[in-house]
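K.L.:
The primary structure of each chain is shown beneath.
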Amino acid sequence: MPAVPTDASAAITAHVWRHRYRAHEALPWAVALAAYFAFPNYLPLAAQTLATILFALSADLVLGYAGIVTLGQAAFFGTGAYTAGILAAHGWGEPLSGLLAAAVVAAAVGLLSGLIILRSSGLTLLMQTLVVAALLHEAANKASAITGGDDGLQGMQVWPIFGRFEFGLFGRTSFFYCLIVLFLCWLGVRRLVHSPFGRSLTGIRENVVRMHAIGAPVFVRRLVVYTISAGLAGISGALIAQTTGFVGLDSLSLERSGTVLIMLIIGGVGRLYGAFVGVPLYMVAQDRFSSIEPVYWYFWIGLLMVLLVSFARGGVLGLCDRLWRRARGRR
Amino acid sequence: MNGIAAALGVGLHGLAFAMVLYLISVGLSVTMGMMGFVNLAHGVFAMAGGYIVTNLINRYGVSLPPAIAMAAVAVAVLSLPIERLLYRRLYGGDELDQVLLTMGLVFMSGAAAQYLFGALQQPLRLPPALSGGLRVGIAEVSAYDAMLIVCGVVLVTGLWLGVERSRFGAKIRAAVDNLRMAQSLGIDTSRLFSLTFALGSGLAALGGGLGAALITISPGYALDNLVYFLVVVALGGLGNIRGPFFAALLIGLADSACKYLIPQFGAFLIYAMTMAILLWRPRGLFGRV
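Just so you know, the protein sequences line up as chains V and Z, in that order.
Sequence positions in the first sequence follow numbering that gives the first Met the number 0 and run 0 to 330.
Sequence positions in the second sequence follow numbering that gives the first Met the number 0 and run 0 to 288.
Just so you know, the hints here were simulated from the structure itself, not pulled from any lab data.
Be careful, since some hints might not be right.
Claimed, not checked - Across the chosen pairs, the derived CB separations fall in these ranges:
(1) R88/Z with L114/V: 51 to 59 Å
(2) F182/V with L115/Z: 50 to 58 Å
(3) Q263/Z with Q153/V: 20 to 28 Å
(4) R88/Z with R321/V: 54 to 62 Å
(5) C319/V with R88/Z: 22 to 30 Å
(6) A13/V with L115/Z: 48 to 56 Å
Claimed, not checked - Reference listing, derived: stretches of chain V covered by chain Z, where coverage requires no fewer than 3 residues with Cβ under 8 Å from a Cβ of chain Z:
(7) 25 to 35
(8) 61 to 73
(9) 216 to 229
(10) 251 to 261
(11) 268 to 278
(12) 300 to 309
What the hints assert, rightly or not - So, partial list: chain V residues that the calculated Cβ filter (under 10 Å) puts toward chain Z:
(13) I115
(14) I116
(15) A132
(16) R171
(17) V315
All residues carry an ideal CB built from backbone N, CA and C; glycine is no exception.
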């Protein structure tokens with residue numbers, strides 16, 4: 000959250016200027032491009048990171064802006080991944096239409112499940128999100144004729160983008176593919192959260208009763224943002240499926256829903272950039288540490304979560320905020 | 000005749016599963032209802048109980064009943080500092096913080112279990128008296144399932160009587176009904192929370208240990224079975240010790256029947272049923288409206 004201006008004119012100025020692009024917003028993209036040149040051997044990891052940022056962004060939309068605590072975001076990620084994967088495994092490997100199909104199917108799943116589960120709140124809602132993901136996980140597990148079940152989906156053939164840019168061994172195409180898709184989605188999300196619709200979401204998160212009282216269609220707004228977020232998660236799943244050429248059952252697992260929350264929390268929730276900080280930190284750390292001891296990675300990440308919740312609420316960006324404010328206070 | 004015998008067999012197996020589910024989940028229902036705390040790490044206590052029991056039996060040759068009693072007491076005592084140091088700070092706080100804290104504990108415990116005991120499942124070596132089968136009328140039931148049912152009935156009766164009749168139980172019910180009023184009446188709710196939490200964790204350890212041959216003990220235990228425990232609680236209604244019993248019965252019997260009749264669907268129908276019920280009654284079948 001930006002610092003609250005004290006007098007009315009400053010508030011109005013801040014409000015009018017709130018969706019102008021600032022210089023520091025170019026930073027993540029500059030870092031991404033720098034990473035491309037600095038670490039050419041890590042491009043596959045970088046592409047995965049970019050796709051996962053999109054996943055975390057979708058979770059931020061639901062959690063940070065609409066205030067829906069979800070443990071089932073992997074349901075949409077997995078739906079998108081399987082949609083793109085099944086298309087590519089059955090003779091339609093065109094990546095962009097696959098991406099679109101993944102978004103549509105995932106959004107449809109989001110809309111349908113949202114119609115059912117968003118009527119509840121609190122713990123029941125949390126449970127329902129969990130159950131939706133468990134339902135899809137079990138369905139994918141049992142429908143092994145289509146999904147490959149436990150072994151994962153084999154034999155994806157992804158065609159070159161525009162018939163020209165092949166997904167090669169070094170991951171250059173994957174990297175730029177993920178980067179451009181993420182950039183476009185980010186533009187859309189940014190626009191969305193700064194729009195009147197986005198403001199009303201924040202209102203719903205902060206005080207549902209009052210939003211009801213001023214006549215905001217709370218259920219419909221939450222349903223819309225849930226559907227959009229599901230579509231974005233689907234795109235993210237499809238990106239990972241297309242760039243790695245594989246979809247496993249774990250794409251629908253509770254573990255994935257949980258870890259995306261962790262990445263988001265590490266960065267900071269409800270600020271659009273938490274995903275850009277948390278996901279790279281998590282992914283790079285995982286890549287470093289899990290090559291030594293893959294299993295015990297979860298021990299440290301669990302410990303980190305406990306410590307974060309106990310001592311560093313607001314994540315890295317929240318910490319920066321506090322340091323910044325303290326530095327300014329001293330001056 | 001054969002059909003009836005098969006149905007009875009499936010029903011008894013489901014009943015045994017329901018008992019284990021109930022023992023594990025009842026503590027979760029009470030702590031969630033009383034403290035409004037989303038505790039995703041409850042399965043960790045059941046897992047700890049399971050590991051203690053299997054290791055006491057397999058490595059040190061302790062027999063089953065003392066092993067289970069030791070596990071329940073040990074886990075109940077161990078849960079006290081966890082509640083004091085970690086959970087307490089978040090009571091009445093943000094749901095998301097609670098989810099993250101408890102998920103963190105689940106991840107840590109899974110990795111710790113793998114470090115200590117390896118990735119393999121821990122078998123529960125049953126004494127010879129429990130490894131055979133029994134005939135009850137026309138139905139066939141394994142001695143282990145029968146033991147689970149008997150233990151379950153005894154424990155459930157004891158628990159219900161305790162909560163209904165004892166002073167401690169009355170305090171718990173008062174705190175669930177109206178926390179502020181209970182505090183104004185001079186009930187030390189902080190102590191009550193700790194004791195209830197320990198009791199719930201001990202029961203979970205008991206359920207995890209008793210049911211170790213039914214819900215196998217492995218490092219993924221707390222995460223893999225989380226949905227089942229939560230489903231029981233959500234269907235049964237929060238802060239309630241009877242609701243989860245009937246919910247556990249429903250889930251146990253439905254699960255057993257589905258696995259027998261339509262194994263190709265697996266747990267799918269259980270989840271679908273849960274969604275349907277929660278859509279119809281968001282506070283669970285026996286929750287207060």
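K.L.:
Next step is simple, just say for each hint if it's right about the structure.
P.N.:
Hint check results:
no.	hint	verdict
1	R88/Z with L114/V: 51 to 59 Å	violated, 37 Å
2	F182/V with L115/Z: 50 to 58 Å	violated, 46 Å
3	Q263/Z with Q153/V: 20 to 28 Å	holds, 21 Å
4	R88/Z with R321/V: 54 to 62 Å	violated, 19 Å
5	C319/V with R88/Z: 22 to 30 Å	holds, 23 Å
6	A13/V with L115/Z: 48 to 56 Å	holds, 54 Å
7	25 to 35	violated (count 0)
8	61 to 73	holds (count 3)
9	216 to 229	violated (count 0)
10	251 to 261	holds (count 5)
11	268 to 278	violated (count 1)
12	300 to 309	holds (count 9)
13	I115	holds, 6 Å
14	I116	holds, 8 Å
15	A132	holds, 9 Å
16	R171	violated, 34 Å
17	V315	violated, 15 Å
Violated hints, listed in ascending order, are 1, 2, 4, 7, 9, 11, 16, 17; each of the other numbered hints is respected by the structure.
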